[in-house]
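Student: The residues making up each chain are set out below.
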Amino acid sequence: NAGVMQNPRHLVRRRGQEARLRCSPMKGHSHVYWYRQLPEEGLKFMVYLQKENIIDESGMPKERFSAEFPKEGPSILRIQQVVRGDSAAYFCASRGQGNTGELFFGEGSRLTVL
Amino acid sequence: GQNIDQPTEMTATEGAIVQINCTYQTSGFNGLFWYQQHAGEAPTFLSYNVLDGLEEKGRFSSFLSRSKGYSYLLLKELQMKDSASYLCAVDSGTYKYIFGTGTRLKVLA
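Chains as they are written, first to last, in the numbering used here: chain W, 7 to 120; chain Z, 2 to 110.
Treat the hints as calculated values from the structure; they're not laboratory data. One thing to keep in mind: the hints can contain errors.
[To be verified] Take a look, some chain W residues computed to stay more than 10 Å from chain Z by CB distance: (1) G22; (2) Q23; (3) P80.
[Unchecked claim] Which residues of chain Z face chain W? A partial, calculated answer using Cβ under 7 Å: (4) K58; (5) F61; (6) F64; (7) F100; (8) G101; (9) G103.
[To be verified] Listed next, the in silico SDA-like pairs over lysine to any residue satisfying Cα-Cα at most 25 Å (straight line): (10) Z:K97 x W:P80; (11) Z:K82 x W:P76; (12) W:K57 x W:V119; (13) W:K57 x W:H35; (14) Z:K58 x Z:D6; (15) Z:K107 x W:P45; (16) W:K33 x W:A8; (17) W:K77 x W:S36; (18) Z:K69 x Z:L109; (19) W:K68 x W:V119; (20) W:K57 x W:G91; (21) W:K68 x W:L17; (22) Z:K97 x W:V119; (23) Z:K77 x W:R84; (24) W:K57 x W:E78; (25) W:K68 x Z:T102; (26) Z:K58 x Z:S28; (27) W:K50 x Z:E15; (28) Z:K77 x Z:T24; (29) W:K50 x W:G9; (30) W:K50 x Z:G70; (31) W:K68 x W:R84; (32) Z:K107 x W:L44; (33) Z:K97 x W:P76; (34) Z:K58 x Z:L109; (35) W:K68 x Z:T27; (36) Z:K69 x Z:G32; (37) W:K50 x Z:N22; (38) Z:K107 x W:E47; (39) Z:K107 x Z:S48; (40) Z:K82 x W:Q43.
Don't be surprised by glycine CBs; every beta carbon is placed ideally from N, CA and C.
Okay, chain Z solo, but in the shape it has when bound (with noise of 0.2 Å):
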């Protein structure tokens, strides 16, 4: 089956650093994607990887082992604005994109 697991919720301190993981076992691997989705709003592209290792944009990065089906989205010098929902999503290769259920980050003062 397709299955992507991530932790439901985190908390963390303004200024901190966080790691989001996510674990996944699809049936094919074409890409993982990481999304941004602050509520009642649509979800937003932060990252994207294909091959292992770590890819940095910014305060954000987003490393990937296919070896291991898994991947964590780091996030650094937190802000109150990046309290939000963050799903993993796979490329399953069968032109399915898959989502996990999301993890919740709340950024406190």
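With the rest of the complex left out, here is chain W (with noise of 0.2 Å):
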């Protein structure tokens, strides 16, 4: 029973350009959560996302930063026109069904902004 995936594990762009974060959750969840973490730092709340919904945003940026969660495919984090301070693990979690329940952690992508 695979785990969460996320893919790149690492990713490298200069700035301006975009970057684009993908997130398979474990099988059977329907609940994304994305997460930054600077190093040495806690993780930091971006997104919320159900199956075709966005439930909460409200720890990502209004500009430039927009996440999905199709219904068929994988969750998706995009940061256009990336800047230097972009550089940071994003990592993805999922969890089941009901009002709560462990989150289970992507192993990150690493994006490093030239």
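Combine both chains into one complex, guided by the hints.
Tutor: Pasting the structure below:
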């Protein structure tokens, strides 16, 4: 039973380019979360999605960042016109049905902006 | 606002016991989680408390007091492999899991 799969694991972009990060949740999970982590810091909530719906995007910058979780396929976190400050690890997590429950994390995507 | 506080760093000796504290102030509460994260790796689930009291799971125990907004993670018989960051997270009841900044634990031989 595969866990949460994220790709790419490492991504290098130049300033102004686009970064597209993908996350396939655990089988049977319909709740997806994206978190951002800077070195030696905690996880900062960005967005919470269910299939075809953004439930809470209060942690995501209004500009340049967008997220989706289509009916078919992985969840995608898209960062347009990247800047150096976007360099971070982006973790995706999923959970099963119900109002709460442990989050299962992917290995993260590490974005470096040159 | 939403706030979760943990010590930044702790050091302990192999074989010892260490207690990592977490205090929280959130608009709602639907449970508290502890995660372990080794450097460069994904966080992994350790424990979940929703009612007051102690939950024990092998060498790890977690305690919760909802009235005090306080939890701790207790690690016994420390091993070198326990060197990691320990993240306290609260489900604030709005489906948003809020994480503290994490406590970096260094276990010395």
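Student: State for each hint whether it applies.
Tutor: Quick rundown of the hints versus the structure:
1. G22: holds, 28 Å
2. Q23: Fine: 24 Å to the nearest Cβ keeps Q23 (chain W) off the interface.
3. P80: Fine: 17 Å to the nearest Cβ keeps P80 (chain W) off the interface.
4. K58: violated, 13 Å
5. F61: violated, 14 Å
6. F64: Since chain W brings no Cβ nearer than about 18 Å to F64 (chain Z), farther than 7 Å, the hint is violated.
7. F100: Status holds, d = 4 Å.
8. G101: Holds, because the Cβ-Cβ distance from G101 (chain Z) to chain W comes to roughly 6 Å (cut-off 7 Å).
9. G103: holds, 5 Å
10. Z:K97 x W:P80: holds, 20 Å
11. Z:K82 x W:P76: Judged against 25 Å, a Cα distance of about 39 Å means the pair is violated.
12. W:K57 x W:V119: It is violated: about 30 Å lies between the C-alpha atoms, which goes past 25 Å.
13. W:K57 x W:H35: holds, 10 Å
14. Z:K58 x Z:D6: Within the cut-off at roughly 23 Å; holds.
15. Z:K107 x W:P45: Within the cut-off at roughly 17 Å; holds.
16. W:K33 x W:A8: Distance ~7 Å between K33 (chain W) and A8 (chain W) Cα, so the pair holds.
17. W:K77 x W:S36: holds, 10 Å
18. Z:K69 x Z:L109: Given pair K69 (chain Z), L109 (chain Z) is violated - Cα atoms ~32 Å apart, limit 25 Å.
19. W:K68 x W:V119: holds, 20 Å
20. W:K57 x W:G91: With a Cα-Cα distance of about 29 Å, the restraint between K57 (chain W) and G91 (chain W) is violated, given a limit of 25 Å.
21. W:K68 x W:L17: Between K68 (chain W) and L17 (chain W) the Cα gap is close to 22 Å, so the pair holds against 25 Å.
22. Z:K97 x W:V119: Violated, because 28 Å separates the two Cα atoms, which is more than 25 Å.
23. Z:K77 x W:R84: violated, 42 Å
24. W:K57 x W:E78: holds, 9 Å
25. W:K68 x Z:T102: holds, 23 Å
26. Z:K58 x Z:S28: violated, 29 Å
27. W:K50 x Z:E15: Answer violated: K50 (chain W) to E15 (chain Z) is near 31 Å, above 25 Å.
28. Z:K77 x Z:T24: holds, 21 Å
29. W:K50 x W:G9: holds, 21 Å
30. W:K50 x Z:G70: holds, 20 Å
31. W:K68 x W:R84: holds, 12 Å
32. Z:K107 x W:L44: Holds, because 20 Å separates the two Cα atoms, which is no more than 25 Å.
33. Z:K97 x W:P76: Within the cut-off at roughly 20 Å; holds.
34. Z:K58 x Z:L109: holds, 23 Å
35. W:K68 x Z:T27: Roughly 24 Å separates the two Cα atoms, so the pair holds.
36. Z:K69 x Z:G32: holds, 14 Å
37. W:K50 x Z:N22: holds, 20 Å
38. Z:K107 x W:E47: holds, 16 Å
39. Z:K107 x Z:S48: holds, 20 Å
40. Z:K82 x W:Q43: Holds. K82 (chain Z) to Q43 (chain W) sits at ~22 Å (cutoff 25 Å).
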